[in-house]
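Participant: Chain by chain, the residues run as shown.
There are 2 protein chains.
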Amino acid sequence: MAKDGITPRAKDYSQWYLDIVREADLADYAEVVRGCIVFKPTGYAIWESIQAGLDSRIKESGHVNAYFPLLIPKSFLTKEAEHVEGFAPEVAEVTRAGGEELTEPYVIRPTSETIIGYFYAKWVRSYRDLPVLINQWANVMRWEMRTRPFLRTAEFLWQEGHTVHATEVEAEAETLMILDDVYADFIEKEMALPVLRGLKTDSEKFPGALRTYCVEAMMQDGRALQAGTSHNLGQNFAKAFDISFTDQANTVQFAWTTSWGVSTRLIGALIMAHSDDDGLIVPPRLAPIQVIVVPIYKNDAEKALVMDAVKRITTGWKGTIRFKIDEREHLTAGFKFNEWEVKGVPVRIEVGPKDVEKGSVALARRDIPGRDGKSFVPQDGLTERVVSLLAEIQDALYQRALTFRAEHTRTVTSYDELKAAIETGFAVCWWDGDTADEKRIKEETRATVRCIPNDQPGGTGTCIYTGRPATKTVVFARSY
Amino acid sequence: MAKDGITPRAKDYSQWYLDIVREADLADYAEVVRGCIVFKPTGYAIWESIQAGLDSRIKESGHVNAYFPLLIPKSFLTKEAEHVEGFAPEVAEVTRAGGEELTEPYVIRPTSETIIGYFYAKWVRSYRDLPVLINQWANVMRWEMRTRPFLRTAEFLWQEGHTVHATEVEAEAETLMILDDVYADFIEKEMALPVLRGLKTDSEKFPGALRTYCVEAMMQDGRALQAGTSHNLGQNFAKAFDISFTDQANTVQFAWTTSWGVSTRLIGALIMAHSDDDGLIVPPRLAPIQVIVVPIYKNDAEKALVMDAVKRITTGWKGTIRFKIDEREHLTAGFKFNEWEVKGVPVRIEVGPKDVEKGSVALARRDIPGRDGKSFVPQDGLTERVVSLLAEIQDALYQRALTFRAEHTRTVTSYDELKAAIETGFAVCWWDGDTADEKRIKEETRATVRCIPNDQPGGTGTCIYTGRPATKTVVFARSY
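Residue numbers (my numbering), protein chains in the order written: chain A, -6 to 473; chain B, -6 to 473.
Calculated from the structure, these hints are not laboratory results.
Since the model is a prediction, treat every value here as computed from it, not as a measurement.
Intra- or inter-copy, both count: the list cannot distinguish identical chains.
Below are the DSSO-like pairs computed for lysine-lysine, each with C-alpha atoms no more than 27 Å apart in a straight line:
#, residue 1, residue 2
1, K182, K311
2, K367, K351
3, K311, K52
4, K115, K(-4)
5, K304, K329
6, K329, K367
7, K317, K52
8, K329, K115
9, K329, K52
Isolated chain A (complex conformation) (with noise of 0.2 Å):
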């Protein structure tokens, strides 16, 4: 029985989302400027939570931040040729500027690699510089022709990690170490969505890259969203821009760039994987509150002992568990509990004059609707029950997403077979096939490889489309 204005998953997916995102009160709609959002309080916190956590991890493995300008002169997208083909149709440009003119026009970054190369060219000298390990937060713009609410926006949120190396194995190393500790990491441990760790085909790779690595995770209808993507640029941007070094032997060398990047997208990625018919579900580790307490009384006399029974088994819990009492006097609880659920808060508890009495509190499981998530439980030893109960949500969010992917990805061995896979979820198979391989499939179908994946059967197989033997094996979905 799916919640009030929020059309159901089997019904219809797409609106499903839509209604979570303006129900749980993630966005508005900025319609005054063109395919762009405003991220409201609720979807905010959920991006603050998102890049603590990353944030930390780019940190732990060396990196800092630093901010580089918005505006990019339109001549640097042109020095990449790949590049400017990706990029130059959506940019939006900048043309006058405190009252006038401008001679050159400056395009709003869609990405940051030309404007930061051409800071590292002059920054890195000597191999004694390197390596260069940055990562930005900012916001950045693509004037998209469909845009969805945190999946594709004009403007959107990011991190853009920009490092430079002195040689190709250490900048394939960052690109894969991103990917690894940082991004399936993060996105594992913290959103409870298994990644498939990959890499892109030529047609899906990052226009000026020399290799495009991924993590895909799979949503509930089965298609994959992309999650997040680590660059190893080659030596692509160290030569449009000049970035070179001289190194231990006093030969000057073009340096290895490798640039990686998640962005908001990542809200749509948590919505769409876990969230239900009664609308979101964020995994407590995320979660900006993990607990809604709500007292029940009906009198000024039940309130003073409710309010009694809740200051005392909430203390000590700042700084452990993330926690709002929910105070407001001019709602029912049953209005609240729904206004909670819809919002995504892991657990709830509730107490009433008789939970007092008792000496217990009811306790509400987000994942688990309904009488099956609810328990009673004793005030006495609460805090350790929920730090728990936390703990195995989180672990039952990741299980389920990753029941769900094993259940919706199957190995075929026919394009007939493909087709039908990709209709429910993934499809993994040989592969030997080329770009306008690829390209026929995706008209004939709408799936595309998402990722070589990292993690390779071995031997040799047949090709599902072109027949000949196949040393590799992909990962075939409808994506977002």
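With the hints as your guide, set chain B onto chain A.
Facilitator: Leaving out everything else, chain B in the frame of chain A:
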């Protein structure tokens, strides 16, 4: 004796500032993007500390973060008469996007009252929706003619709070609460910088505000720096954007709004308030690195001995002291001392073979240069000693800035005295002048009324300029 590359303050304060920015590696000029800078990692890390300290205060006082679009329809600016006059001349305009001319240009936000006002008008319906207490961390752009790193740049980073209230009293209380409990508290406690809190005169208030309050700090050349502003916007923006609500008596009323912001300008204030001819000085509570540990050795045997001691003495520091061990191999100890001095790290610990032998370390305070700031202390109890030393340095920097301000503030009773006083600092005087008087004084002395302090002596006096009876005192100074 100043460091290589740093002009002494006494010789040229303005050049000294630029030298510190460069030598401490805080920023780079983005000459290809007019008036913009790159916030380099050392500079950006200070901004991250500032963000953390402000964000926690903003949240503890009941606000939540959100994010609104970068672009604003140009027509929005014109809806508030004073606002358009103040900002229209300095905006950057987006006129093309996605390869096409736009029918209505957008401006890059110079500040967000208008675009946020538009959304608040949609969101606020009833008195139950109030107050709205939202803050945004964002980049903004003002096409300034003369720029200076951190102090005035075309693009800068800031937070901007935007709140909506049912009554004028509540809006005024919010405006003052932010000034006192968020801005002054943060700047004094974390940045170790005393501030005056007061009201701006009409000529210096925010375009569109009813009243602008500010915190003003004194730099080492006696000039004032506006460190933050908090505006009671009255009903001006509510009327321009139709932010109205149904009150408890079922009457529709315009709301009262406020806005308040501090920016990366604070990094400039930090530099100019505390630093010396040897480089940057960062107060311990704000310092990304509070303690730099420099191991000193000549050979592998000494290295093993020294590093063993270094690991031992820093055990357990994580989470208590923000420290770094400078293990770089190709640099001399002297080079390292100099680098961390220039970058302003509050405490340096040196550990050499003799220190290991004696069970001691050398401890150097950045705020007291040379021998006077250096002591040799036992390794036993070092953690406690360092923690208390950091607090001591924090306090010493604040007291030094407070004493400096007291010594450079004069109560003046004639215009001639005022002219003399503002050559070296602040002039406090009775004031009954108008905007035209202020303008003449500015032309003659380059000094302006920095604020009408909230803390007034009471009673009446004689206006320094008009000779009329005056009921308030003001502070005149030259400013950044």
